[in-house]
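Undergrad: Residue numbers (our numbering), protein chains in the order written: chain A, 11 to 225; chain B, 11 to 225; chain C, 11 to 225; chain D, 11 to 225.
If you're looking for bench data, these hints aren't it; they were derived computationally from the structure.
The reader is advised that the hints may include incorrect statements.
Identical copies carry no separate label here, and so any pair may be met within one copy or between two of them.
[As the list claims (entries may be wrong)] In silico DSS-like pairs for lysine-lysine, Cα to Cα no more than 25 Å straight-line:
| hint | residue 1 | residue 2 |
| --- | --- | --- |
| 1 | LYS15 | LYS213 |
| 2 | LYS213 | LYS29 |
| 3 | LYS29 | LYS141 |
| 4 | LYS15 | LYS125 |
| 5 | LYS15 | LYS29 |
| 6 | LYS125 | LYS141 |
| 7 | LYS141 | LYS213 |
| 8 | LYS15 | LYS141 |
| 9 | LYS213 | LYS125 |
As a plain string of letters, each chain reads:
Protein chains: 4
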Amino acid sequence: MTSVKPLPQYLVTRYHGWKATTFAENHAWYRRLATEGQRPRAMVISCCDSRVHVTSIFGADQGEFFIHRNIANLVPPYEPDGNQHGTSAAIEFAVTSLQVAHLIVLGHSLCGGVKGCYDMCSGNAPELEEKSSFVGRWMDLLRPGFERLSEGSDEDRQTQLEYEAVRTSLDNLMTFPFVREAVEADRLSLHGCHNDIAEGGLKMLNPRTEDFEPV
Amino acid sequence: MTSVKPLPQYLVTRYHGWKATTFAENHAWYRRLATEGQRPRAMVISCCDSRVHVTSIFGADQGEFFIHRNIANLVPPYEPDGNQHGTSAAIEFAVTSLQVAHLIVLGHSLCGGVKGCYDMCSGNAPELEEKSSFVGRWMDLLRPGFERLSEGSDEDRQTQLEYEAVRTSLDNLMTFPFVREAVEADRLSLHGCHNDIAEGGLKMLNPRTEDFEPV
Amino acid sequence: MTSVKPLPQYLVTRYHGWKATTFAENHAWYRRLATEGQRPRAMVISCCDSRVHVTSIFGADQGEFFIHRNIANLVPPYEPDGNQHGTSAAIEFAVTSLQVAHLIVLGHSLCGGVKGCYDMCSGNAPELEEKSSFVGRWMDLLRPGFERLSEGSDEDRQTQLEYEAVRTSLDNLMTFPFVREAVEADRLSLHGCHNDIAEGGLKMLNPRTEDFEPV
Amino acid sequence: MTSVKPLPQYLVTRYHGWKATTFAENHAWYRRLATEGQRPRAMVISCCDSRVHVTSIFGADQGEFFIHRNIANLVPPYEPDGNQHGTSAAIEFAVTSLQVAHLIVLGHSLCGGVKGCYDMCSGNAPELEEKSSFVGRWMDLLRPGFERLSEGSDEDRQTQLEYEAVRTSLDNLMTFPFVREAVEADRLSLHGCHNDIAEGGLKMLNPRTEDFEPV
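Given these sequences and hints, build the entire structure.
TA: Take a look at the structure:
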């Protein structure tokens, strides 16, 4: 463990500040979350991007959202092959153990993972085609989405591909038997959103039009 | 897309509140994060658990942390086999593209994933041994940690196993060539933490003692 | 250079301590700030007073704030006359080169500069009226603020004058074309604060009431 | 005041954390600093740059340093012309009112202001030659320093110019009668330092050799 270092002091200081204020003011609730367990109403699948603040945007507090964050908020298809699938494990836990009522896939503008996929599928990022590229192989999940893009400027098409990432995840979610079953039994509903970083916008996938529209 | 539903109204309402207040007061910063891209100082790997609020605990705001959340904050070992590895992709992106300076693995008390692993390894959760159990296969990553547990009550041993989850992730991180290289070149430092939900505690892995100690 | 002396040893000792601890634990980040340049989110204009710790109050670390400190946190009006204007140069650099998103004017209680201005304008500090008094001439910037004070005890009026110093700076900031332009384009927001030294208080200028209110 | 906005919430939150911890633990000292006034041992003149943390480097706390920060830590020569000189006012206040015992000029590597001066004097930044450029006119103070640079790479010469900024400030300080008098009466000592951002280095001006040497 010689590679491990103490936490930077500024984070320790801020933590002590949180403990003395936010935590102190909510101790009863935190303790109850501990003794009774979490009971989140929704699972959110969003991107790791530092500019996406799921809890801020939705005014959520401790205990409300079960949050999985990965590159480009992607859900792979159901593949029970005995290998490790972190995203599938998170979904399984949320749906079968926690029994969340909502599952929200939250995309966002200027997504670096989506851009990588766009460049790769356009032939401009050969390094992402390498077998050893984890980002490239992860973004393979979005290749079929790239094929569906309509004409337009690169910028437009990247935004379209961000939408495709959300649609792909929602489609793949329905390949999981436990998700489909919960949705069909009306125990779970799926939602697709897209957050515009610069303008603070939020669009929602309209199930009728299959387009993203401002909320 | 008939399975998709509009976003629950309470979340739409909260979003509009965020847009009119927090976003409006920080528009300049969000726009700049959009035009210039993110430059997070740290990546945090934490659990999906709804009771873990990474940004609150560390007083962080938009743009500060690149956050990956999965079940039990686990990092698998380096395995460039061309398959999809969401966690490895997130780490690759953070370290090689964003070049974060810190990588913090944040465990927590009462972790459902760790408890599942504990039960499974104790022979009390045969359903998690199924090939088709995503949670079970994901928690296989922590089996070697279970073997290292010392005697004690079940509760103690589960806490120990939460510590092992952080240690395992830190060890596995060093199997990634680009992580090891960055650490050895002093471009990246690794940190291990554990958050106590009920009491708001924070412990830090002391690299010398290899134990978790209150910050 | 015969007038220059070596640094006092106690500071050298403390520096070596910082180097071996805080610096060592954050080397990766500091190096990155060096290679990629700073990208502070905010500029803070505060007083030189040794009792005002901008970074502590706001839990900020290396790279977060571009800080200008002068007597009484004053901003002079825009005056592009070819002479040396240190404060204006700092603002120009922050707004046009660094493109900070926030500009915070931070006043404080018991400000010696403001007290000097108060005494001078009350006729009790003739030495500050001298042409050669740098402090007096600098505090001339706040004379119009003195005229606006309402009745009250000397102590009350000095606090009022500290508030006027913040208001004056904010008003003068808007006389700089590049500040006004950035504010109007929503690329920059201005904020006014006042820190009470004895009680650790923080008030914020409420743009609607134009009064200072506890945060 | 319609241009003013409330303080960003993350800073308010962090402030409350500081108030509840650091402030609460030091209330007695802060109150005493309030009732008895500040009595800083040293004045530090440093750059506004967000990467320079004067108090961290020197392990200083509330009440220890009277700090003036401007672009490139420059002191103009004594010029009692009745105009506004913010830096001169800060020095006058520190030396004649507070009677600090040390005056430290702290330069740093990768200084944007010094780089601007270098480019301007090399003919590569005509915009800084404009009468209306506050940064350009402020950096005029360092033109004589540019003339003294010896041959070398651009990078070497910029570092040399950073040293010249410290030397120029120290020279100019001695043109202030109240500084010279205090130095000659051994009531004040002057010091020159240079901080390397990337490596956390600290060099000190050796009065005998007139060179900067590691402390």
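Undergrad: None of the hints should be skipped; say for each whether it holds.
TA: Each hint, compared with the structure:
no. : hint            : verdict
1   : LYS15 - LYS213  : between (41 Å within a copy, 13 Å between copies)
2   : LYS213 - LYS29  : between (35 Å within a copy, 13 Å between copies)
3   : LYS29 - LYS141  : neither (45 Å within a copy, 42 Å between copies)
4   : LYS15 - LYS125  : neither (33 Å within a copy, 27 Å between copies)
5   : LYS15 - LYS29   : both (22 Å within a copy, 15 Å between copies)
6   : LYS125 - LYS141 : within (19 Å within a copy, 35 Å between copies)
7   : LYS141 - LYS213 : neither (35 Å within a copy, 38 Å between copies)
8   : LYS15 - LYS141  : neither (32 Å within a copy, 37 Å between copies)
9   : LYS213 - LYS125 : within (19 Å within a copy, 37 Å between copies)
Of the numbered hints stated above, those contradicted by the structure are hints 3, 4, 7, 8, listed in ascending order.
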